[in-house]
Amino acid sequence: MRWRSTMFVLAAAFLAVFLEACAGLTRNLTGAQVDFLPALMVYAALTHGFATVALLAVCGGLWFDSLSLNPLGASILPLLFIGLLIHRSRDLLLREHVYAQAMLGAAAGAAQPLGTLFILLNAGAAPLAGWFSLWQWAVMAAGCGAAAPVFFKLFDRLRRALEYQPATQTSFRPDREIKRGPM
Amino acid sequence: MLKKSHYIILFFVVLLALALMQLPGGTMGKFKLAISGLFLPLFGLSNSTHAWLAQTREELVPRRDLVRQLDQLRRDNQVLQLRLQQDAQLWNENARLRAEVGWERQSRWRVKMARVIARDPANWWRSLEIDLGSRDGLRPNLPVLTSDGLAGRIQSVGQTRSQVILLGDPNLRVAAKVVSAGLTNGETGILAANTSAPQDEGMIDLDMLSGASSARPGQSVVTWGAGGVFPADIPIGKIVDSRPREYGLSTEARVKLAANLSALEEVWVMLP
Chain A
83 MRWRSTMFVL
93 AAAFLAVFLE
103 ACAGLTRNLT
113 GAQVDFLPAL
123 MVYAALTHGF
133 ATVALLAVCG
143 GLWFDSLSLN
153 PLGASILPLL
163 FIGLLIHRSR
173 DLLLREHVYA
183 QAMLGAAAGA
193 AQPLGTLFIL
203 LNAGAAPLAG
213 WFSLWQWAVM
223 AAGCGAAAPV
233 FFKLFDRLRR
243 ALEYQPATQT
253 SFRPDREIKR
263 GPM
Chain B
13 MLKKSHYIIL
23 FFVVLLALAL
33 MQLPGGTMGK
43 FKLAISGLFL
53 PLFGLSNSTH
63 AWLAQTREEL
73 VPRRDLVRQL
83 DQLRRDNQVL
93 QLRLQQDAQL
103 WNENARLRAE
113 VGWERQSRWR
123 VKMARVIARD
133 PANWWRSLEI
143 DLGSRDGLRP
153 NLPVLTSDGL
163 AGRIQSVGQT
173 RSQVILLGDP
183 NLRVAAKVVS
193 AGLTNGETGI
203 LAANTSAPQD
213 EGMIDLDMLS
223 GASSARPGQS
233 VVTWGAGGVF
243 PADIPIGKIV
253 DSRPREYGLS
263 TEARVKLAAN
273 LSALEEVWVM
283 LP
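In order, the protein sequence lines correspond to chains A and B. Each residue of the first sequence is one higher than the one before, counting from 83 in the numbering used here. Each residue of the second sequence is one higher than the one before, counting from 13 in the numbering used here.
Chain A extracted, bound-state conformation (with noise of 0.2 Å):
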């Protein structure tokens, strides 16, 4: 059942990165657009394998970077390093907990942007920034933060709908039956 997880973690990264260039629902109320592949990267750094970390990482990363002026490649080691340091303290984050979904979620949103400028201006581009760069910076990581526990929630339902669930056991026992009457 794990490939059909990461196959829907890279449908909706997919679906996501498509979304973010042809509706721009983001774009047009705040000035910024949200990429939601950080959120995304939270979700399956902390319930799946490396292997799918890594996939997301080069398949959003490729996507993303396609519809974009971004040199092919940009995107993909900032998405992967977050999944990396997400997956490595697994165990001790409360990936149960909203609230710490959405902060993990914040604060990939925030990262991703900062990785991905640094390799552009290593890389001799000269992308677009200034002071309005942090308002974009800030709407990015609210939108990720706010992101983050709604992805948990859908691909908890849909790991609820599709996958086989154990029938819960009931407390009766045989042996336990009080039989009245006589034997």
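For the record, the hints were derived by calculation from the structure and aren't laboratory data. Think of the CB as a built atom: it goes at the ideal place given N, C-alpha and C, for glycine as much as any other residue. Worth double-checking, as some hints may not be accurate.
[Claimed, not checked] Partial list, derived from the structure: chain A residues whose beta carbon lies under 7 Å from chain B:
| id | residue |
| --- | --- |
| 1 | Ala-103 |
| 2 | Thr-112 |
| 3 | Val-140 |
| 4 | Ser-150 |
| 5 | Leu-162 |
| 6 | Gly-206 |
| 7 | Pro-209 |
| 8 | Leu-210 |
| 9 | Ala-243 |
[To be verified] Quick partial rundown of chain A residues pointing at chain B, CB under 8 Å, derived from the structure:
| id | residue |
| --- | --- |
| 10 | Val-99 |
| 11 | Phe-100 |
| 12 | Phe-132 |
| 13 | Ala-139 |
| 14 | Leu-151 |
| 15 | Gly-155 |
| 16 | Ile-158 |
| 17 | Leu-166 |
| 18 | His-179 |
| 19 | Ala-205 |
| 20 | Gln-218 |
| 21 | Ala-220 |
[Stated by the list, open to error] Using C-beta positions, here's what the derived DEER-type ranges look like:
| id | chain 1 | residue 1 | chain 2 | residue 2 | range |
| --- | --- | --- | --- | --- | --- |
| 22 | A | His-179 | B | Asn-153 | 31 to 39 Å |
| 23 | B | Pro-74 | A | Tyr-246 | 52 to 60 Å |
| 24 | A | Gly-113 | B | Leu-35 | 38 to 46 Å |
| 25 | B | Pro-74 | A | Thr-250 | 55 to 63 Å |
| 26 | B | Gln-101 | A | Gly-206 | 50 to 58 Å |
Guided by the hints, dock chain B onto chain A, whose structure is given.
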């Protein structure tokens, strides 16, 4: 703790990312178009949905409004037909005079309409994708216009889609000249991204004007024609203000773009 297999995966992913970033521009462009081709079914679905919504909206418009709009369009069409006749006379006169003086013959613009299908998901670039490609006769560096003025140029071309780099992106520089009352005042400069307020998609900087520039607010800015990418005299915008730079050696002006780049749905590609 990471296992040995995790280190191997990590090594290969880092290697892949670094190798991709080192690809030459042309190869990287082809890779990008191939990967973004995966989104084609979704782009198609999005276009169909838009078309269906537009059709539904049209069906909901009352007949009385449609008749009124039709009357208005008929009147506009008649006015435009008259202007077109006048324009044709002026065009012929202009061509005859240019021939007499020995100037190069001007050619009319050939344009093709394209629908915007996606915008750059990153906040630090200004680019978009359109639904025309090499099969429609597009090639890199063709100018992209709106009915109001210049929007950008084609960056890379796939078979059915192209990436357009917009004015205001750091990767696009345009040679421009200042025009006052339809006549150039000899001021030329380079249009570049607005560094003071990059979030404002409607504003752009005109650098490299002379130190003694007479550029004033309200004057028009059009393409200069130098460089071979953009033909001369495509409207770009109007000067908002100007300030001296480098201790008065040059002047920088802020230009309000004529085209609204943040709400583009359709653009025109100028064919050679």
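(request) Please name the hints from earlier in the document that this structure breaks, with their numbers sorted from lowest to highest. (result) 2, 6, 9, 18, 21, 22 and 24
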